[in-house]
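Number of protein chains: 2
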Amino acid sequence: MSQTTSFTEIAEQNKVNAADRPQLRVTILGGGSFGTAMANLSTRNGCNTIMWIRDQATAKQIQTSRINERYLPDFKLEDQLLITSDLDFAVKDRDIILVAIPSHAFRSVIQKIAPMISGQAVISLTKGIEKDSFCFMSEIIREELPEVPYGVLSGPNLAKEIIEGMPAGTVIASHSEQVRLAVQQALHSALFRVFASDDVHGVELGGALKNIYAIAMGMAAAFNVGENGRSMLITRALAEMSRFAVKQGANPLTFLGLSGVGDLFATCNSPLSRNYRVGYSLGLGKTLDEAVAELGQTAEGINTILQVRHKAAQLDVYMPITNALYEVIFEHAPPLNIALSLMKNGHRSDVEFVLPHQEMS
Amino acid sequence: MSQTTSFTEIAEQNKVNAADRPQLRVTILGGGSFGTAMANLSTRNGCNTIMWIRDQATAKQIQTSRINERYLPDFKLEDQLLITSDLDFAVKDRDIILVAIPSHAFRSVIQKIAPMISGQAVISLTKGIEKDSFCFMSEIIREELPEVPYGVLSGPNLAKEIIEGMPAGTVIASHSEQVRLAVQQALHSALFRVFASDDVHGVELGGALKNIYAIAMGMAAAFNVGENGRSMLITRALAEMSRFAVKQGANPLTFLGLSGVGDLFATCNSPLSRNYRVGYSLGLGKTLDEAVAELGQTAEGINTILQVRHKAAQLDVYMPITNALYEVIFEHAPPLNIALSLMKNGHRSDVEFVLPHQEMS
Chain G
1 MSQTTSFTEI AEQNKVNAAD RPQLRVTILG GGSFGTAMAN LSTRNGCNTI MWIRDQATAK
61 QIQTSRINER YLPDFKLEDQ LLITSDLDFA VKDRDIILVA IPSHAFRSVI QKIAPMISGQ
121 AVISLTKGIE KDSFCFMSEI IREELPEVPY GVLSGPNLAK EIIEGMPAGT VIASHSEQVR
181 LAVQQALHSA LFRVFASDDV HGVELGGALK NIYAIAMGMA AAFNVGENGR SMLITRALAE
241 MSRFAVKQGA NPLTFLGLSG VGDLFATCNS PLSRNYRVGY SLGLGKTLDE AVAELGQTAE
301 GINTILQVRH KAAQLDVYMP ITNALYEVIF EHAPPLNIAL SLMKNGHRSD VEFVLPHQEM
361 S
Chain Y
1 MSQTTSFTEI AEQNKVNAAD RPQLRVTILG GGSFGTAMAN LSTRNGCNTI MWIRDQATAK
61 QIQTSRINER YLPDFKLEDQ LLITSDLDFA VKDRDIILVA IPSHAFRSVI QKIAPMISGQ
121 AVISLTKGIE KDSFCFMSEI IREELPEVPY GVLSGPNLAK EIIEGMPAGT VIASHSEQVR
181 LAVQQALHSA LFRVFASDDV HGVELGGALK NIYAIAMGMA AAFNVGENGR SMLITRALAE
241 MSRFAVKQGA NPLTFLGLSG VGDLFATCNS PLSRNYRVGY SLGLGKTLDE AVAELGQTAE
301 GINTILQVRH KAAQLDVYMP ITNALYEVIF EHAPPLNIAL SLMKNGHRSD VEFVLPHQEM
361 S
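As they're listed, the protein sequences go chains G and Y.
Residues in the first sequence are numbered consecutively from 1, following UniProt numbering.
Residues in the second sequence are numbered consecutively from 1, following UniProt numbering.
Fair warning: there could be bad hints in the mix.
[To be verified] Facing chain G, a subset of chain Y residues (Cβ under 10 angstroms, in silico):
1) Leu158
2) Glu161
3) Met166
4) Thr235
5) Leu253
6) Gly260
7) Cys268
8) Ser270
[Stated by the list, open to error] Straight line, CA to CA, 20 angstroms or less: simulated SDA-like cross-link-like pairs of lysine to any residue:
9) Lys92(Y) with Gln23(Y)
10) Lys160(G) with Glu227(Y)
11) Lys160(G) with Gly226(Y)
12) Lys131(G) with Ala333(G)
13) Lys131(Y) with Val292(Y)
14) Lys92(G) with Leu145(G)
15) Lys131(G) with Asn303(G)
16) Lys160(G) with Asn224(Y)
17) Lys160(Y) with Asn224(G)
18) Lys60(Y) with Asn48(Y)
19) Lys112(Y) with Arg54(Y)
20) Lys92(Y) with Leu24(Y)
21) Lys311(Y) with Arg243(Y)
22) Lys247(Y) with Pro320(Y)
23) Lys160(Y) with Glu227(G)
24) Lys160(Y) with Ala221(G)
25) Lys160(G) with Ser65(G)
26) Lys160(G) with Arg44(G)
27) Lys92(Y) with Ile117(Y)
28) Lys160(G) with Ala221(Y)
29) Lys311(Y) with Phe330(Y)
Simulated from the structure, these hints should not be mistaken for lab results.
Where a beta carbon is used, it is the ideal one built from N, C-alpha and C, also for glycine.
So that you can see chain G by itself, here it is in the shape it has in the complex (with noise of 0.2 angstroms):
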């Protein structure tokens, strides 16, 4: 009996009964490999599911050979998924539409979806912050749509295992129950399991945050600081993560779920993420140019120090980890400064919120 063999028979033994839920229609706004991946779960989760790609030929590609191409080409989605380029036809007369769409394009697509939305609830599937304007997706949705129902997706979710019937969790957070609900139903199933949350800004930033983090990470293991550092890292990230997100509302507990430690223990565990690779040539000693030169693109986590530091400035939150950062990419400080960092804010409390600081040595 193989493994994968094994996972198939719990997701069997669970299989939902269609038949005892109305069916939910269901849209996924993008074709990227996690918005498909939901797409797929969806359908199988018996939901009326159509996913929205905005390039005509692509649509109609993956409608009809059942496979997308460019970001799942090893696989075959179910029959009964609707794959379309026509945005009208995806979005009205919908129950809940889940937006897959980067963080660059995010407002155009919601802007464009604002006529079309009447009793819809609207869901980011996305990771990340809007560039230049601090915002998050559920900033976005509440400007771009103010009385519409909402909510954010976020965890440890690596498409591609995911899609495979590997196990994995997730945190569905919205301020409604409706939506939770909703969510769960569409998406939650044996192998994929759908938590809820009502801490919608906590689940969002520990979803955006880790990408710094994971820099840090890389340039730590270029310093080869050991599994007592690698751990003492990822707990001042936690703690500095949860300080920002508490100082805007957040809930501190939030960090302790899987969009939280879950999602920060999964990135800084994945050396092969463009994050982790920048910070561990920078960590050698590169410029940041270098880095990405030798990446051949760009590190999401890059842009979110720039707007992390901003913002930690303007709220007067302690960011000793991103601000060291900030100084080894921007202002050319050696990257033991990283180092320093955790290093020389001790005798602090441990958690923020378990004991007051005591600043001394």
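Using the hints provided, position chain Y relative to the given structure of chain G.
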């Protein structure tokens, strides 16, 4: 410039000026690798430091050669560190006693020093649970030395890395601020950061319970669950640990710190640890006897599972991972039950204390 040199340079830049502080008299009981590493740090910090080792010949040998052949054969100890097998001399007229004695011998040593204790603080450096009694080390101290100020030290602290001068952090937990400050004075340095907490039980539980989840992580590795699954496991483990701890009065936020998620992260990323290896063998379908025979010794986590399961039943705490491990190890359930235990509890709130549970499917 080698990496090691760099860390050493940090240490030099941040060197504690011993002359500024009254000299602390510190004793470490036990000459294992962690006790030795702490004794060496305390000596470096300018404290008058004694390390007590039960065996007279070994004590003499280390005192003369300055090398702990059995545990840290490659490392020369500080000249000022005094090693003795005279317990009375080691314990009387001291400020703090750090106890680094294995859990099965911890109580007998505490009983022996009881008549020698006047004003000394007693701090446990030992992770684990006393067999049969389900006593943590701090409880043993409280039972045997009711009037004595006490604390526990716990964190992701591989002794070998610490003694080699690689960076690390730990947590001193005590209800007494004096104890916290004294331990920081003894051990805190540029490369070993000692953070403070007043959540003694939470800190101690993190160090003891992580062994359970190292077994689960090894088992998951045998099933090749992937990064999403590993992240879910570590997150659900944190939830389970904190649920158990909170029921006993601990602060859930402690688990965001070094002694919680930090230690769990280090443990779950150590595929060479005994717990992980036993779990891996069990995941391949071997029996506990076969797994232990292969390893050549038992794993602490096995005993911890038995005790925590028993205690959780008494306290009515929901611990699906621990229970599933018990069933696999002692009731011949298929190892896939671990995966099922993660998977079947969906629709619950992501983090226990944020949203109430919603039992569904």
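So which of those numbered hints doesn't the model satisfy? 12
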